[in-house]
Structures are given as structure tokens and as C-alpha cells.
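S.K.: Chains as they are written, first to last, in the numbering used here: chain P, 282 to 605; chain Y, 282 to 605; chain B, 282 to 605; chain V, 282 to 605.
Don't take every hint at face value.
The list treats identical chains as interchangeable, and a pair is accepted whether it falls inside one copy or across any two copies.
In silico BS3-like cross-links for lysine-lysine, where the CA-CA straight-line distance does not exceed 27 Å [stated by the list, open to error]:
no., residue 1, residue 2
1, K599, K416
2, K345, K451
3, K333, K375
4, K416, K345
5, K599, K522
6, K333, K345
7, K521, K599
8, K375, K345
Simulated from the structure, these hints should not be mistaken for laboratory data.
Given the structure is predicted, the values throughout are model-derived calculations rather than measurements.
Each chain, letter by letter, is given below.
4 protein chains.
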Amino acid sequence: MKTAVIAAGLALAAVRLGAETHRFVPTQFYNTYSAAHPPVLRIMPGDRVVTKTIDAAGTDWNGKSVGSGPNPQTGPFYVEGAEPGDMLAVTFDKIETNRVMAYSASLLAPYAVDPQAIAARTDREARRLTWTIEKARGVAHLDQADVQPGGLELPLRPMLGCVGVAPARKEAISTATPGPYGGNMDYAWLNAGVTLMLPVNEPGALLFIGDGHAQQGEGEVAGTGLETSMDVEFTVKVVKKQAIGWPRLENGTHIMVLGSARPLLEAFQHATTELQRWLMADYGMTERGAQTFMGQATEYEVANVVDPNFTVVAKIRKATLPRR
Amino acid sequence: MKTAVIAAGLALAAVRLGAETHRFVPTQFYNTYSAAHPPVLRIMPGDRVVTKTIDAAGTDWNGKSVGSGPNPQTGPFYVEGAEPGDMLAVTFDKIETNRVMAYSASLLAPYAVDPQAIAARTDREARRLTWTIEKARGVAHLDQADVQPGGLELPLRPMLGCVGVAPARKEAISTATPGPYGGNMDYAWLNAGVTLMLPVNEPGALLFIGDGHAQQGEGEVAGTGLETSMDVEFTVKVVKKQAIGWPRLENGTHIMVLGSARPLLEAFQHATTELQRWLMADYGMTERGAQTFMGQATEYEVANVVDPNFTVVAKIRKATLPRR
Amino acid sequence: MKTAVIAAGLALAAVRLGAETHRFVPTQFYNTYSAAHPPVLRIMPGDRVVTKTIDAAGTDWNGKSVGSGPNPQTGPFYVEGAEPGDMLAVTFDKIETNRVMAYSASLLAPYAVDPQAIAARTDREARRLTWTIEKARGVAHLDQADVQPGGLELPLRPMLGCVGVAPARKEAISTATPGPYGGNMDYAWLNAGVTLMLPVNEPGALLFIGDGHAQQGEGEVAGTGLETSMDVEFTVKVVKKQAIGWPRLENGTHIMVLGSARPLLEAFQHATTELQRWLMADYGMTERGAQTFMGQATEYEVANVVDPNFTVVAKIRKATLPRR
Amino acid sequence: MKTAVIAAGLALAAVRLGAETHRFVPTQFYNTYSAAHPPVLRIMPGDRVVTKTIDAAGTDWNGKSVGSGPNPQTGPFYVEGAEPGDMLAVTFDKIETNRVMAYSASLLAPYAVDPQAIAARTDREARRLTWTIEKARGVAHLDQADVQPGGLELPLRPMLGCVGVAPARKEAISTATPGPYGGNMDYAWLNAGVTLMLPVNEPGALLFIGDGHAQQGEGEVAGTGLETSMDVEFTVKVVKKQAIGWPRLENGTHIMVLGSARPLLEAFQHATTELQRWLMADYGMTERGAQTFMGQATEYEVANVVDPNFTVVAKIRKATLPRR
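Chain P with its partners taken away, still in its complex shape:
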């Protein structure tokens, strides 16, 4: 038996020696986060899962329609030993595009712009545009001169729009919606290398993933990223008796909390409140010290303003955290 340690010295559940690698190719896809769906796989903490996700509209890596929107999910994965009140930590080792085609919307979403700007549009037709992913060059491009003379080209930054677990209170929530259970947070910086921490509400946690984007602006203001299918690898860990209020994220430079709600300010408030709790619990800060520090050190990102709940990310640069 060995013990792994992630962010901030959390007391992790012991992890088996010789953790297994599961290769799982999904064939069925769900449109709600719910404990009512039967697990597709039972995995142990420490296990690695090598799997795939289809795009937000249900098209897979072969261009075949195998699910339906919104955001059909791969999973759920049942994590042995995860019980309500625990925290599930999911580390993504790989999030990589696996086909050439991505699509995007081409109008700014209803709540992303002034209503007067919506009224003033000369062209209100919702059109889906097709982008080409060039993995070798690390870019995606749109080659439609009728949309933009000269086309558009952007660097790839593959991410998952959706990572979630079964919600609390026996709710079954549409995979369009982010919340305390994670879900459709659409955070542009949920890339390979991050660890996402989610509350466990049901035995086995029931982990779902989906909605890959080859690239996405912050706010997801057009209502889509560059929607495509993905190859994904992740490992899971369980932190026992570590109840958290909102998803937490850690990457090489930052610790973060993702709050989701409408209005946008409430998402901001949830993220800020949970971040204070985290600093006090795990980083030795006092009630007043944490607030004083946060006033001068917090950074924020807007993950999405287009889903049924909006998502705001409150961040602390690890280099600014007090030495412990």
C-alpha cells in the first residue's frame, strides 16, 4: 500500500499498489447527472481510466452520430469506497482531440451582449460553422470567407466542458447545467494536467465526463467552444470525510474554486466564499487573515455566461500563498 498526496497535503484514502488501467470505449451516453444511471465501470481509487468522449451534439471520433445533445456523457464511473461526505479528486493526464472536425456557433449568446445589440443585428440566423483541427500545427481554423474574409485561426487548447458526479438530494440534472456537483462548467482552463475535486453525494460518486472543446474563449460567449470528440485519461482518488461546497481545481500555478449560479454575481460569491473556507482549512489562514489576503491576491475568471447556471472561477496563485 502506498499513499499519494495531492494539493495541500490532503489525507487521501490509501491507494492500492499496482493500480489498474481500464480501457473503456463508451457506447451509451446520458443527458442527466443522476444516480439512477447504472455504472459503466467500477474503479478503485488510484486506477487509471483511458476513455473517449463524443461531442456536445452526439457525434463521435468517426463522425458517427451515437448520442444526442446536450452534452452526452461518458460514464458514470463508480468509484469504490467513495461515500457521501467524501471528496473525489480526478486528475486528467490526457485531454486530446481525436478527429479533424469541430463545430461552433457564430452568434454571441443572448445574455452575453447588450439586449440593444441583439435588436440591432443585421443577421440573426443561428448558423453552425465547421472548423478544421490541425493537431500537428497546434491550431484550429475556419476557412469560410463569407463569415470572415481571410478566415480565422486559433491555437488548440483542448478541454472538457463537463465533469460531474451525481447531485445531492436525488436530483437528476440536465447535462447542460453546472452546479455544486460540477457538470457543464465550460471552463476553458480545464485542460490536461489539472486535478478537479468534486463532492461525493452518492455511494461511488458516479463520475461523468463529456463536452470536449478543442479551444474555447472565456465566458463561452458564443454558446459553444470548438466542439469535438476527445481522448481522455484520468485517475481518481478519494479523500475521506472532506465535504466541500463547490468544485475545486488545481493546476501547476493556481488553486481555484468554481462557483455556478445565476446571476453571475452569485456564482462569484459562491467561488469566493468557498475559497475563503479552503484557505482557512488547508492553508493555515485565520478568518480575518484569509479575507485580508484575498482582497489583494485573488484572481477571477468567467468560465461561462451561457449555461442555465453561469460559472465563475476564484483563483489564488500558489506562489503568493504563505509558506506553512
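Knowing the structure of chain P, use the given hints to seat chains Y, B and V on it.
M.R.: Okay, now just chains Y, B and V, sitting in the frame of chain P:
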């Protein structure tokens, strides 16, 4: 005569050869943005102003109380040739702390956290804390073990919370408030090196500056930065007949728009809408091309959620802009 | 066969002659709106149901705890012939208190007051208060001089906080939450005599009721009404192929739409938008005529600002509707 | 000397015997609430003013354009003895239309409907419509079959959209905007017979009135009422050392507070918070008693969702107030 060019090839007003440098030490300070205040100085486009600002509560670089809060302003500076419908571009060559003391608040502001978290506080007393600026080491530190054992230390990143002009419609607006005229935007990245563009609403524009922070977190969630006095140098330019809706900002890496309003989403909408207008006017984008591009390329920052209007910044990384 | 006609001459499904009366005393109670719960009764359009609801915390008419909060529901009732795309119309002939005790909260809810007012409270302890219902006198009173010298007394106005059907998209939603499916709207004027119209999302509609209040202020700003158990009688009708976006309500004087969302303005927008649609579809108004009329004739009520979604009611006084 | 008593036994300033009646026909009109405007008249507490207002676009009772929008104001009236920290009580004895023509907008305002509904409009042209006021019949009608076949007719309910005083902090605020100083609250029930109470921020208070509507829906969702000129009579009183946070209103049945802000919820919060303060200060309620009572007794109205600040009215039916 020579012609300077800033961001995106704007047609600037011709600038005099041999532009003047004005050294101005303020002795009177205003608490409203208003065309009713007599100009302290009349300057020409191209001129440089070397001046100072006092802190948000009215204390100067000698620790002497010479003005009163909120955010007493240096100015107004009357810019010759600036007329309603023009755009004023202010480039800050220097924003530098000029004393050792800064102060901050130490409770998260009312709208920055969940109301339940306010109800649950064990200590609700508003306390002002004193930080020490160590310019040589490039840091500010708080040495109060009763606030945080071991104290707090953060890198310096001097900024101006307030840069504004006289508002439209003959309004006189408190210097606590940001708006289309700029004002108390409290944007942590309004540092030396940036160019801020503001609409001209009154003859001479009437430029005000103030509210320096040695460092500030995004969102200004404690309601203050590290409030201190500043040495400031700036030059101004006038772009004729270039009506803009919201302040625009350019630094080495990004073009940005700062929208201010409540609720937070409306600030977001203003910034996004004006950014689209800018991309279409100056970067050769079509109505649909701009929207498609913004969906995948926009970044956002939350400048403040504590002032009478909140401020959101919509940004485009210049490297992603199409070649023109 | 006879045909009943409700609001605005809707084409109702034919109703059986000799409609049945069902007497149903619930023994099991649900905490989600979901099509996954087995119907307790199958009823025909035109049938009358005579039943009871327990209070929001699960206590019944005998003071016995038989369910758990929030808002345990009586039902679901399966309405024969109701199919997705239809509209269910529920007429409440009786909503009457059936016990002496009601309880209420005694602090204004987190989002109902300024956050500064929460910080300034001298007493933050959540306390549940017990009121006495005097049906003969038509009042409820609170006799606790420590809460209010002289006590408090208010007229009875019995209502149901919750009336809902199975949601769309296979979601299972907490009975704390109102939405397009109805649910916990907490509208103080959902009293005996009204007809509530709900969209049908699942075969049989699956009607749930609960959360009776002997009296409630608008906004439900303390987070509860005078929570108690109720005797309820209702009849149902089905309007075929009449898709509606939000619950509609009709009483003796008004037609109304109940929009639910956060922020409050979005609830307002949903109600206003659906009301325009209704006026155009059923009251002979043009697109511009409806808007012109609504500008001068609409009334609004705030049903709740305390549930996961807030609820706003847009109303038109029937006397102001154009003759048709 | 006699002493008048208004709402809730307030200790009023003594009022002269033989109070004067001033007949004032305005010829100059202001578009900001500001202490910088010279008073048109100096009046004593108890005095009556008989005057007129022009419509929101500047047209007077003769159909002559004499001012410019938005909401050109009659006044300011300087009230002798009114000092900062006092409360001004204005009783309107007459608010009556004085011409045949009124105009209205005919599209729902940008924030009043779902943004998707704006995108879906078939006709987006802003058109101003002319209504006919028939004072004898007590109605206003629109006779344009192209807008609505058969036309529209609504009862008259004359009101003032704007009643305000000079704001605090030397601000000059557009007459489009409501706030703590009153202003453009656009409350449909500010009719003849009410007493409006406003905070005094500047010596003399400086009272402005304007923006009469022959009729207006709640929320003012089309962005206008039936805009017309008015005959107005009012008397003023001063309550010394009675600082209030938001305008208060009393009519025959209710006491009310009008909170103004964006977002809508914040206006609601301001009104609710100030109402609690009022109940505790003047109606013998304890901190917990007031909250308990308000939860079951408060009513709300939405005055406007179209001005730079939105306005919400929190109301208590006087019949439900505890006997004192």
C-alpha cells in the same frame, strides 16, 4: 509636425513637435467627476504631465491629510482641442508608489461573498490595516500576527483605481463610481505602460486621476487595494470624431474594453458589446466574423465588485488577432 | 359528453359526463418533481380529487411527522390523456387549513435584505415560531411577547406553495425549486378559486401538490409562510396541443403568468414574455398591439425571492382586456 | 401656530398659521437633480404650490415644445428650514392631466423581456404612438387599427414619474434616474392623495417634479407611460432630524418604501431593509418582531424596470399594523 500612431492605426490628431512637459503638484482635490470644476492645467495633445496622486482617504506622500474620501482626484486637466465625440488616449509612462505606508480593509465586501457567510462571521468589525511598502524588494507586507500569524507579503503592482473624464449629460458623479467616462474602475492591471482611451463628453475632456494601489486583487473584493499615494507620468492624445461607448485599454499583449454597471452581467455585456464594435471598426471583422472569433478568443477579468457600479474587462490577446 | 370552457375559450379535451370524485389520503410523500415516481392515482379529465397536504417539514393534520422537508408532496396524480405538448388546467375548489398549528421563520432571508443589514443584526439565531390558526375568526396569531410585545395577528389566506408536474428533459428537481413545470412558486394568491395551467412534459402529466400556507406575505421574505397542513379539492382538465412556456393562472379578476428564475429580473422577463405570447394567441392582439397594451396595463407581483429560483407574476386585469 | 401630523405621528416642524398658496407657471426646465440649479421659488413648510409640469419630451399643455428630454423638471423649490438630515414630506392634492394628447412607446423595453424575444421580433422599429385623453369619460384611447384592430382603451390614473430633491455628495444626476433622492421612480401609484417623504441632502431640499403619465402599467415595461402635461398642487412639510435612507410613501391604505438600484433584487433589498427600519422606529416593532411580521405581511410592486436604476416598492397594509 509629426503624427503618432497608437493602437490599431487610429487616425490621431496631429501632435505638436516639441511637446511640453508639465510638472504639476496638486493642492486641491475633487470628489466628483464633473465639468463644473475649473481645470488645474491646460495641456496640448502630445504633452507629458508629471504629477502625483494622494490616497483614497486623502493622505499624501508626506503622510499629511490634504483631501477627503472617497478617492480625491488630481485634476482636472483640460486637453486643448478635445471636443465631444472625440476620444482621449492617455498613456501612463509611470505609476509608482512614493511612500512606505499603504492601508487596506480586512473584511470581504458585502456583495463579494454569500450573504450566509456574512451572517456566520465571528468578527464583523471593520478594521483598517497598515502595510509596509518595500520598493527595493518589490513587495508590500503586513506584519500583524493578530491578523495572520507570520504576516502577509505580496508583490507590488502599482496601479491607478481612478482615471476619468467629465461625464455626459452634465452629470456630476461621485469619484466612488465607474462608468462610461472611466472613473473608479479599480482595474488591477491599469499599470504603467498602458494606454487608456476615454470618450470626450465636454470641451477639453477634463481628465482626473487618483486612487493609487500598490497592489490589488482582481475584483477588489475587500473593498480596497493597498491604498497609497503615487508618482504618475502620462501623455495624452486626441483622436478626432471617434465616439466610443466604454473605456478601452491597450497594453503589450491585449486590447481590452472596461464595462461598468450593476448587475455584474450587465458590465460584462457592455464590455463584450463594445469589444465587438471595436473589432468590426478597427480590425476588419464582419458582424458574424467578430462574433465567431470572440466566442473562441475573448478573455475576461473582473475589475471590481465593490463600487456603485461593478467593472468587467473583455480582452483579446493581440497575437490572436487576424493579420490585416 | 359535455365540453367545459375555461379561460379565453380554450379548446378543451372533451370531458366525461359523470366525472368521478376521488378521495385520496396520502401516506407517502416525494421531495422531487420527477416522472420516476409511481402515480398514486390515475384520474380522468373532469374528475375531482379530494385530498390533503402535509406541511413543508412533513407534519400532518394530526401533528404527526409523516414526511420530510423540503415540501413533501402529495401525488403524483396521473391524468389520463395528458401527453407532452398539452396543457394541464387545475382548478382548486378548496384550499383550507385543517389544524390549529402553523409555524414560521423569524429572520428575513439572505437575499431579501441588504447584506449590510445582515451584518448589523443583533440576533442572528434562526428560530422557528409557532402560530395559532383560529379558523372561526379567520386569523392566525403569534402570542410570544418576547418576539413582539402584544403579539402579531394576521388574516388567514390559505394557499398552496407547491403545485407542479414532472419536468421536461427527464430531470428530477427538488421540491424546493420552482420552474416552467410549476413547483415551489410560493405565490401568496394561489388560493381556492384559481385555475393553474401547467405544461405537460410526460405522459399523464404527473401532478404534485404541497406546501400549504395559512397566510404568506408576497416575496415570502422570511423564507416561510405560516406553514401548515391543508384540505384540498381540485379538478383537472387537459387542453390538447397547447404548449406553454410558463405556468399560467386565472382568478376572478386577472390572467397571470408565473416566471421563475434567478436573477429576479429574469423571472420578470419570462413572465412578461409569456404574457405577450398569451395575449397574441388568445386575445386577438398583434405583436405591436400587445406590447403597447402591456406597457400601460400590466401589473406585477413578486411571489418569492427565497427559493432556488425566484418567482415573478405578470398580470392583466380582465376588465382592461379588449372585447373580442 | 398649528401642528400638522402625518403618517405615524411624526414630530413635524411647526407650521405657520395662514400658510401661503404659490401659483407658479414654469418657464425653465432642468434635466439634472442638482443643488447647482437656482431655486425658482422659496416656500415655507405648510405652503401650497399650484403649478404645472410638461411632458417627458418637453411639450407643454399648449402642445408647445418648451424643454427637452429626458423628463424636464419643474422647480427646484427651496423649502425654508429644510436642512441635511431632515425629511421632506410632500403631499399631492392634485395630479391632473391638462391636455388631450399623450404619447407612448410601443415596444417592450430591452430589459423587460427575454433577449430571445427581442431577437424574434418581426418588427423592431421604435414608434411613438399618440393617445387621446378623454377626461370626462375617465379614459385614454389609442385609435390606430394598424397597431391594434379595434384600438386600445384604458382608464386614466394620473401620476408623476418624477419627484426628487438634490442628491447627496454634490452629485448632479440625470432626471432619467431614480435613487435615494427620489427622482424618476415611475411608480404608477404616485397619484393625487399620496404623501411622499424624501431625505434632505442640501439646505432647502430643492424639490423638483415632472414626467406626468395619464396612465402607466407597473414596471413601465414599454419604457413610457401615457406621457402628458399635468396640473399639480402640493404642500410640503419638514420633519427635523429624521434621516431616511429611501423615499417613503403613504396613501389611504398603505405605508411604502421605494428602493431604486440595479439589479432588480437590490432595489427589492433596499426597500425591504428600509421598511424594517421604519417599522422598528415608528411602529413599536422589535428587530425580530418586524422581520416575523414582514415575512407574512409585506406586499411588493415593481415600479420600473426601464430606468438607469430599477424601482421596487415594499408595502404594508395599514390595517395589518399592530395597534399601538
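S.K.: Can you list which hints this structure breaks, lowest number first?
M.R.: Failing hints: none at all.
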